[in-house]
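> Residue numbers (the numbering used here), protein chains in the order written: chain Y, 2 to 519; chain F, 5 to 102.
Calculated from the structure, these hints are not laboratory results. Just to be clear, a hint being listed does not mean it is correct.
Pairs of lysine-lysine residues, derived as DSS-like cross-links and limited to a Cα-Cα distance of at most 27 Å, are as follows [stated by the list, open to error]:
(1) 94/F <-> 336/Y
(2) 103/Y <-> 494/Y
(3) 119/Y <-> 301/Y
(4) 119/Y <-> 94/Y
(5) 301/Y <-> 103/Y
(6) 290/Y <-> 119/Y
(7) 94/F <-> 94/Y
(8) 103/Y <-> 94/F
(9) 301/Y <-> 290/Y
Label pairs and their in silico Cβ distance ranges [stated by the list, open to error]:
(10) 365/Y <-> 72/F: 49 to 59 Å
(11) 347/Y <-> 30/F: 20 to 30 Å
(12) 30/F <-> 387/Y: 52 to 62 Å
These stretches of chain F come out as covered by chain Y in the derived footprint (C-beta under 8 Å, 3 or more residues) [as the list claims (entries may be wrong)]:
(13) 7–17
(14) 30–43
(15) 61–72
(16) 87–96
Don't be surprised by glycine CBs; every beta carbon is placed ideally from N, CA and C.
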Amino acid sequence: MTNIISLSAAELAEQLRAGSLTSVEAVNAHLARIAAVDDAEHGVHAFLHLNAEEALAVAAEVDAIRAAGGAEAEALHPLAGVPIAIKDLIVTKGQPTTAGSKMLEGWVSPYDATVIEKIRAAKLPMLGKTNLDEFAQGSSTEHSAFGNTRNPWDLSRIPGGSGGGSAAAVAAFEAPLALGTDTGGSIRQPGAVTGTVGAKPTYGAVSRYGAIAMASSLDQIGPVARTVLDSALLQELIGGHDPKDSTSLPEAVPALADAAREGAAGDLSGVRVGVIEELGGEGYEEGVKARFDESLELLKARGAEIVTVSCPNFKYALAAYYLIMPSEMSSNLAKFDGVRYGNRVLPEDGNVTIERVMGATRAAGFGDEVKRRIILGTYALSAGYYDAYYGSAQKVRTLIQRDFAAAFEQADVLISPTAPTVAFELGAKLDDPLAMYLNDIATIPANLAGVPGISIPGGLSEGLPVGIQFLAPAHEDARMYRVAAALEDSLVKQWGHPLLSEAQDLEQAVAAAKEGKN
Amino acid sequence: MSAISRDDVAHLAELAHIAMSDAELDRMAGELDAIVDAIASVSEVAGDDVPATSHPIPLANVFREDVVGVTLTQEEALSGAPDQQDGRFKVPAILDED
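Let the hints inform the model, and build the full structure from the sequences given.
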């Protein structure tokens, strides 16, 4: 069984095609792993809901089609039968969607997100829904209304956020693939601190229809995996134009998996990799900087030219983000009013009018971080402050886009650490929102400019994973995958194994935690 | 100087329809003040000559054919409603009658 869960999605798919493994066996192996390590109180707690019955039914269907052979078996998607986990911000028929919030506890969507329709059509068994910071607002999953997720490398540490559940599920070998969403780094930063791969596609490259909106001009659904190739395969599956999303790009999905294979196999002669001067130095841990510098050496050895680029306005990115994001999310979350769906709470005393019901519903349904950001967004959009705050932030966004444009004149891809630190202890930054926000300092510029970004494991610092981020120009996701796969190949060859094989024995750690020894 | 006062937060909470206790207002005012202090710098960065960007990759005039697509049934639309009657969402009194 251990063997099955350690396979990458591409390897698993190959074995399913070859008939050396069935999809039912694959799903059962992952469900067994989840049962062993995902305990809510002491374990990883990556999942909020398990979808075992449906997953096994889909797996059995794929196995039957394969066994029967013929045209239908030929027509199966390459990833058919490979299990996947879904961030609980993406709506699914037949399974609850909570967004990590009490507001939606028990709610079941009457429709599927477009990415879910694609996953169903390709027949990937969905294992369940993964934990997240409430409405994707946070960098540690500690803002989930249903308890935090734990980092598989060290159960006392954060798995990143908001998509800590998806990243931890993949890092803990509970699923080979998962879906995430990235508004300011919610796919990439969890990837960095869990030693996994996470990509934010070009804005609009993957339909956002059915992802509960946080900040509409920043949100992007993307793949979570353990290898660059798996990430590319999943983005190819979920990408493409969707008439239901008016921000969806009209272009066809590029050949991302081919780009990843090319990168892993070939050299990088003629590729200019730009080190972003502003994303490094002060505020970045020594161990993070050391792994980053080693990656640059490996890229050089592979033929890449390393150049330094300056993006002077990136220093304002965090501030601009914390005006634009709360402004958009305060509008998007206005729909949670206890009228059409979600929970309704009545005021404890006084008249029961709709306004007072809304006030009581939103007071009880939202957690502190969501409330903080709604108030902040309402402030930034209010009369007298709009120009100074929201308007100025949008201008800064223009300057950041110009910085990217200038940098991409000098470099084909850009590189930086994904996060300034390795995973910190649970609770360490919970009472200091500003310190928490700094986790996303290197990932936010990509969202503001709409460019694609990916984080891959770059080694360990004090026994914990460090992430390396690549950024490419908008629409050039294939280029990003190519260079990321090249570095991944060099790193894995140097280590002699994937980074995750250095992680602790998780089943033992969870058992010890349950006995109170940890 | 405080950027956001407790009274400001009370007003904003009312606009945002979030009932808040006195203790919550006090705490929120302190936290928001620190956050606003940290992000206020953006107002000094860009001059009047810099245009605003609302969307990273703007698409103009995104239309679809004017035909009926897939829609939710009435039952599906009401499936998550906290309260309903006669096939409609049911809400408490809209007007405050003392």
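> All the hints need checking, so say for each whether the structure fits it.
Here is how each hint holds up against the structure:
1. Distance check on the hinted pair: residue 94/F and residue 336/Y sit about 16 Å apart at the alpha-carbon level, within 27 Å; holds.
2. Restraint check: the Cα-Cα separation between residue 103/Y and residue 494/Y comes to about 45 Å, which exceeds 27 Å; the hinted pair is violated.
3. Only pairs whose Cα atoms come within 27 Å are accepted, and residue 119/Y paired with residue 301/Y is rejected, the gap being roughly 39 Å.
4. For the given pair, residue 119/Y sits about 13 Å from residue 94/Y by alpha-carbon distance, which is consistent with the 27 Å threshold.
5. Of the supplied pair hints, the one linking residue 301/Y and residue 103/Y is violated, its CA atoms being roughly 49 Å apart against a limit of 27 Å.
6. Of the supplied pair hints, the one linking residue 290/Y and residue 119/Y is violated, its CA atoms being roughly 39 Å apart against a limit of 27 Å.
7. Our distance criterion of 27 Å between C-alpha atoms is met by residue 94/F and residue 94/Y, whose separation comes to about 24 Å.
8. Of the pairs offered as hints, the one joining residue 103/Y and residue 94/F holds, with about 21 Å between alpha carbons and a cut-off of 27 Å not exceeded.
9. Pair hint residue 301/Y plus residue 290/Y holds up; C-alpha atoms about 17 Å apart against a cutoff of 27 Å.
10. Remark: the range hint 49 to 59 Å for residue 365/Y to residue 72/F is contradicted by a beta-carbon distance near 38 Å.
11. Checked against the given bound of 20 to 30 Å, the beta carbons of residue 347/Y and residue 30/F, roughly 25 Å apart, stay inside it.
12. As the Cβ distance of residue 30/F to residue 387/Y is approximately 26 Å, the hint placing it in 52 to 62 Å is violated.
13. Only residues whose beta carbon comes within less than 8 Å of a beta carbon in chain Y count, and the stretch 7–17 of chain F has 5; three or more means the coverage holds.
14. A stretch counts as covered by a chain when three or more of its residues have a beta carbon under 8 Å from one of that chain; for the stretch 30–43 of chain F and chain Y the count is 8, and the coverage holds.
15. Against chain Y, the stretch 61–72 of chain F contributes 4 residues with a C-beta closer than 8 Å to a partner C-beta. That satisfies the three-residue criterion, and the hint holds.
16. Here's how the stretch 87–96 of chain F fares: 4 of its residues keep a CB closer than 8 Å to some CB of chain Y, so the rule of at least three is met and the hint holds.
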